[in-house]
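Asks: Below are the chains, spelled out letter by letter.
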Amino acid sequence: DGGITQSPKYLFRKEGQNVTLSCEQNLNHDAMYWYRQDPGQGLRLIYYSQIVNDFQKGDIAEGYSVSREKKESFPLTVTSAQKNPTAFYLCASSSHAGTGLKNIQYFGAGTRLSVL
Amino acid sequence: GQQLNQSPQSMFIQEGEDVSMNCTSSSIFNTWLWYKQDPGEGPVLLIALYKAGELTSNGRLTAQFGITRKDSFLNISASIPSDVGIYFCAGRVSGTYKYIFGTGTRLKVLA
Chain W
14 DGGITQSPKY LFRKEGQNVT LSCEQNLNHD AMYWYRQDPG QGLRLIYYSQ
64 IVNDFQKGDI AEGYSVSREK KESFPLTVTS AQKNPTAFYL CASSSHAGTG
114 LKNIQYFGAG TRLSVL
Chain P
856 GQQLNQSPQS MFIQEGEDVS MNCTSSSIFN TWLWYKQDPG EGPVLLIALY
906 KAGELTSNGR LTAQFGITRK DSFLNISASI PSDVGIYFCA GRVSGTYKYI
956 FGTGTRLKVL A
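Which chain is which? The protein sequence lines are W and P, in order. So for the first sequence, the numbering used here puts the first residue at 14; every next one is plus one. So for the second sequence, the numbering used here puts the first residue at 856; every next one is plus one.
Think of the hints as simulated: they come from the structure by calculation, not from any bench. It cannot be assumed that every hint is accurate.
[As the list claims (entries may be wrong)] Covered stretches of chain P, as calculated for chain W (at least 3 residues, CB under 8 Å):
| # | stretch |
| --- | --- |
| 1 | 894 to 900 |
| 2 | 911 to 917 |
| 3 | 955 to 964 |
Cβ coordinates follow ideal geometry from the N, Cα and C atoms, glycine included.
So that you can see chain P by itself, here it is in the shape it has in the complex (with noise of 0.2 Å):
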């Protein structure tokens, strides 16, 4: 099936420091999803967005919706230790009904 592409495919960071991840597309999509997951555990939405150049924020979290509709960009700043987890996008193509998912993110912070 068709996946995203999604980097990096993990992170090593201080606390405090800010993160960046990206999901890019060869399909333009109508809705963008982050989620977030942790050990054994079911992801957990964290940010949707519908259009394209929409900019989101969530507490300490942002996301954006490309221009291009190809791809989408999640930032969180200041990073603290529950921050660990699995961060996934998910992007829909227009018409469709199905959701596909990015191979994750490994976000690990360091105290």
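The following block holds chain W by itself, in its conformation from the complex (with noise of 0.2 Å):
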């Protein structure tokens, strides 16, 4: 069953703790994404990757950490710099990386992310 896989559902994060968010995808899409949604409000964009051991930060990256060391996985870690880390957090990937039109991006169930 192809698909974009994100782990946990739900994610409690204490004050000074750093947290691991998974993104995983079995669609051979050489893209991926990370994006936060707040209520109310469109997606914002943390960080991207257009292929493996490449990344670039987004509208929205201090605080945030990735890695992409294989193709389908692209974490995304939450780290204690980011004040405001509540939210619901959207992993997507895209077939065709860059500026082509086939670039469409496809989402995860996403994780929810608060602070205790």
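Work from the hints to combine the two standalone chains into their complex.
Replies: Spelled out as structure tokens, the structure:
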């Protein structure tokens, strides 16, 4: 069953703690993305990766870090430097990276992060 | 970051009614996407549009890529209770990799 798997579904962070959100895809997509969603707002891009071992900052990268060691995996770490981490986090992937027309993004089911 | 203007913000309609929503931007886009998001889930792609003036249907859903390339419209005909959710538009500027997302239209259908 092909798709994008995010885990866990719910995550709680204590103050000063780093937490890591998992994103795995078996679609053989080159590009992967992380978005943050807050109530009443559109999706905001945190980081994206067009190829293994390479990634770029999005619009709101401060307080977050990522890695792309494998094509199918793009974990997001929410660090203690992110002072307002409570949000719904969405991972996406696309088959064609960059500016081509076929760069259509498909999403995982999301991880809801809350602060204790 | 840049965002699209999506309207209306929310709609309450009776089952069987038709629905229209739209997105406008100050930038010219070369791709428009429409997604539906259920509570606590990720957005699901409904329709993708690639050319100005393009009109594409997916069942009861019809979307259009505006002639000016700065807007897009989504229509849902004969709404049913499972149409409830948040509908997002997303547009991409030619030559860039990033999508810009609208703030969503929250649809509620009254049986």
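Asks: Taking beta carbons only, do three or more residues of the stretch 955 to 964 of chain P come closer than 8 Å to chain W?
Replies: Check passed, 5 qualifying residues.
Asks: For the stretch 894 to 900 of chain P, do three or more residues have a beta carbon lying closer than 8 Å to a beta carbon of chain W?
Replies: holds (count 6)
Asks: Has the stretch 911 to 917 of chain P got at least three residues whose CB is nearer than 8 Å to a CB belonging to chain W?
Replies: violated (count 0)
Figure legend: structure checked against the earlier numbered hints; the only hint not met is number 2.
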